[in-house]
Amino acid sequence: MSLLEIRNLRSVFRTRGEEARAVDGVDLTMERGEAVGLVGESGSGKTVLALSILGLLSHGSGRILPGSSIRLRGEEMVGMKERRLRQIRGGAVAMVFQEPMTSLNPVFTVGDQVLEAVKAHRAMDGREGWAEVIRLLREVGIPEPEQRAGAYPHQLSGGMRQRAMIAMALAGSPALLIADEPTSALDVTVQAQILELLKRLQSRFHMALLLISHDVGVVSRVCQTMVVLYAGKVVEKGPTQDILRSPRHPYTRGLLGSRLFLKDRRRVLRPIPGEVPEANAWPEGCRFHPRCSEAWHLCGREEPRLVAMGLGRGAGAREGDSRVVGPPGGSLSEVGPTDRGGEGRSRARSVRCWLFSGDLGEET
Amino acid sequence: MRSPDKRMVTDPPKVLAGPGETRGGFGEILLSVRDLSHRFHPGGPLERRRAATTQVLRGVSLDLFKGECLAVVGESGSGKTTLARAVLRLIRPTGGEVLFRGRNVLEMSPRELMAFRRKAQIVFQDPFGSLNPRLRAGNMLEEVLRVHGGSSSPASRRERVVELLRLVGLSERHGDRYPHELSGGQRQRLGIARALSVGPELLVLDEPVSALDLSVRAQVLNLLQDLQQRLSLTMLLVAHDLSVVRQVADRVVLVYAGTVVESAPVEALFADPVHPYTRGLMAAADTGGVVAGPGTIPADPAGVASEPAGAWALLPGEPPSTAHLREGCVFRLRCPHPRKDRECELASPELTDYGSVRRVACWKKRESRTGT
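As you go down the protein sequences, you meet chains A and B in turn.
For the first sequence, this note's numbering assigns the number 1 to the initial residue and increments by one for each residue that follows.
For the second sequence, this note's numbering assigns the number 1 to the initial residue and increments by one for each residue that follows.
One chain only, chain B, in its complex shape:
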């Protein structure tokens, strides 16, 4: 990183989301992430002694407006899950700030943190791994209400449990079941009920549908969109699946190797992805439109240079192990069009404005824009 993106702090919201560019037209910033970075020591004590660290997040900044759904998209190792957890202080990032209504979450006292957790909740990817196997669904929800609910009576808590189950499309009888007696979709609904039980404003969703079957995934996405409207939730959606993001998000932030490479309103992004990584991701994810697309084998029997699905080439290589990155643009090793001069190798491009509504971190894009 050359320098952290300080400018964004004072920028008016329109830099990130211009009026009319998103569904709602958002004003108030609910959550700000400022120059967040995180390193950890991989492996066991032996490796720790070698003092090798992996930098998972490298100065990520983003704003989350009240009532919107912001998607953070990336592949494994991009740091997206670390970001989601750091936002809720489920881990302590090694640098940067997370501001919730202006208060730094990372410096909250235990009492403040408890209050914050009533305002911000998380839904995990694997509902089975995040539910207590020895508690019935109803009892589990009751426990959350007891911990967070203050002095409410047992009767009112039980009433609230039924209300919550219904809210997420489960029935009262599901409350008597253990997690293993529920299907994957039902478990994820229960995970959502658990998160909603405290009446949060912010819901962090960490790959909420990637473990679900196709037909159930659509049910859960419908539920999430419905809940967002009914409860006016603000959502931070962490996902790797662009089609899911397309369906539910208002704005999208793409992360690669712990760095934001592009951020844009969802319509603009999908109409015209700018960063080469975004384009590669779209080419890889595009399995054709309504009709099969490139379904059958190409006529060329060798088929070596078979056509990629979209207009952009499939990316070579794999997401990098963040430990090995040193100088330069994090994406340069997989970039299909690096700059001829050695700019991409020498320094990391900052996230800068590209047009009126988006921001891109790419030397090439900067060059082509100044050129025209």
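Extracted from the complex, chain A is given alone in its bound form:
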């Protein structure tokens, strides 16, 4: 059994009285201890996806549409009772947000807030609980945790605040940590530290990590598997190294082509024209086709499905169901920590693009 199995997730949120389908049919499987990077620009639906997993969407102004399924260790989370959801939230699944200052309560000390998280999920008395708080703060690299536990959020630097948020997330010993742009609000040198920390924790506790970022570089530092989201749909997924080496989807190629490097100046930047469309105005057919340099007549009419890429060049079977993409059920969950690198590699590449559909030849 996989740790997390998302099938045909469709989520909407309300904006200016209209319902916009931010996530539209996403399939995603995560194994224990696996680090998956979810890459997408703003408006791709990546944050709505994260909120859907935590069952936080209904609290605001959105909802998960019927027919969606999110299973955590086999347990269906869509339509789950709030009581049970609360046990899972911060317990088996924890989340770290982009902006630690707004996620921390300004009137309580950092230690008290971590303590609250500890007590919510574990039966501990005050003394034990406090010792656990100090242990967690030390774990996330906060120096002098005994003193810092007494500090209020505004007394800590941005990096220390994010570390405190991570300590809170760890309080329930999560099997899955969702980090939504955890470093975007931080300075470059601090970003690198937080990424190293996440990588270390994931590895040490054999914790699954869903890292959401607009930055391919951030994801490539930490995650074995990469999922590229565009306009509410997965357009490409596979081992990070493979995708970086040979991106298949024109959007992924454009995204990687927009990156800049330190090693040399790019002679010409070839950006993707246009911008991500609004969630209530997705184009017909392939959602990327208006921006795609390789689009042809079919792309504007019919939507391509996510197909697994075989070993042969572009010879993916046209299987609409991405079950062909995931690993054989449960077989990877037993893999020990030393084989961790193999998990990512064993996963097939899959792409949602007419250029890589197996039976394309016959249709033309």
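Rather than coming from a laboratory, the hints here were simulated on the basis of the structure.
Since this is a predicted model, take the numbers as computed values, not measurements.
It is possible that some hints are incorrect.
What the hints assert, rightly or not - Here chain B is said to cover these stretches of chain A; the calculated rule only asks that three of the stretch's residues, wherever they fall, bring their Cβ under 8 Å from a Cβ of chain B:
# : segment
1 : 169-178
2 : 247-258
3 : 268-278
As the list claims (entries may be wrong) - Below 30 Å or equal to it, Euclidean Cα-Cα: the simulated DSBU-like pairs (lysine-lysine) are:
#  : chain 1 : residue 1 : chain 2 : residue 2
4  : A       : Lys81     : A       : Lys119
5  : B       : Lys364    : B       : Lys340
6  : B       : Lys119    : B       : Lys66
7  : B       : Lys66     : A       : Lys263
8  : B       : Lys119    : A       : Lys263
9  : B       : Lys364    : A       : Lys263
10 : B       : Lys365    : B       : Lys340
No residue lacks a Cβ here, since even glycine has one placed at the ideal position from N, Cα and C.
Use these hints to put chain B onto chain A, whose structure you have.
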């Protein structure tokens, strides 16, 4: 600071940018910043009474040559944004000079200042926060033209508005939209059009692409480079992202805690960063080359001492709050290799020549150079 860097004033330009070291080969200095410093009282009236001040800039000097793009790089609290604003006198720095074609901007009369603002403009980081939400894009541009344009007719102004929109890759119909009806990239294009509307020579860009998505960021960078060439603009780019700087800048100045720690032509800097801060910044920013780099988890399950991306170690700690710095090198608390003698603690190193084209403020580098 031991002493302000007076020597630079009389130095020939080659000290800062040797011929052939930069793209154009620049001669004329358009803007000079001399020993600029700025303190402010943080917080509200209560803290003000305590007379605690934060020194944001500590004697920054730099020259901007006509036609070049000079990047000022630093993390939050480095003073880079304060520097950008002081250059245009959007704030009044507490010390130093800003010379635009030899005239001190900080002492200009209101009339002179108005003329200066037609020569020097700024593009802000957040286009949404810097555009009037109640004005349509076209009307906003027209207003700028009316204020700065003298006696031009309404018809000619409208013509000019369309011209400006096209210049930045927008179309005429975008002129009828309110800022909230534009996307982030379009808003930033509009911000650039606003800055260009008065026909400036100098464009100050304060983190112009950091709020934009990756695919849009590349579009805007292309636009800026294109505009720089077509309009022969001089640009002062304030940024924290080294890869952006690498792409567009000719020369780079690195600031840390309000102090310039290194300045060099872009090629030299990226080929061989000298100051330990520059190296740390590069290690942090380097997310690998074309192929993933250090993508997956290291074989060591603990992974504690995982390999940093580049050849240099990741820096410990965080950018300092400038209020707490007293004596010594501003970087010493995070420096991976301070000198064994206590020089780094006792005095602040001056920015001195290092090789023919760069300048570095580091006691260690000075020691190693005299040693060899």
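Handout entry: Numbers of the earlier hints that this structure fails to satisfy, in rising order
Key = 1 and 8
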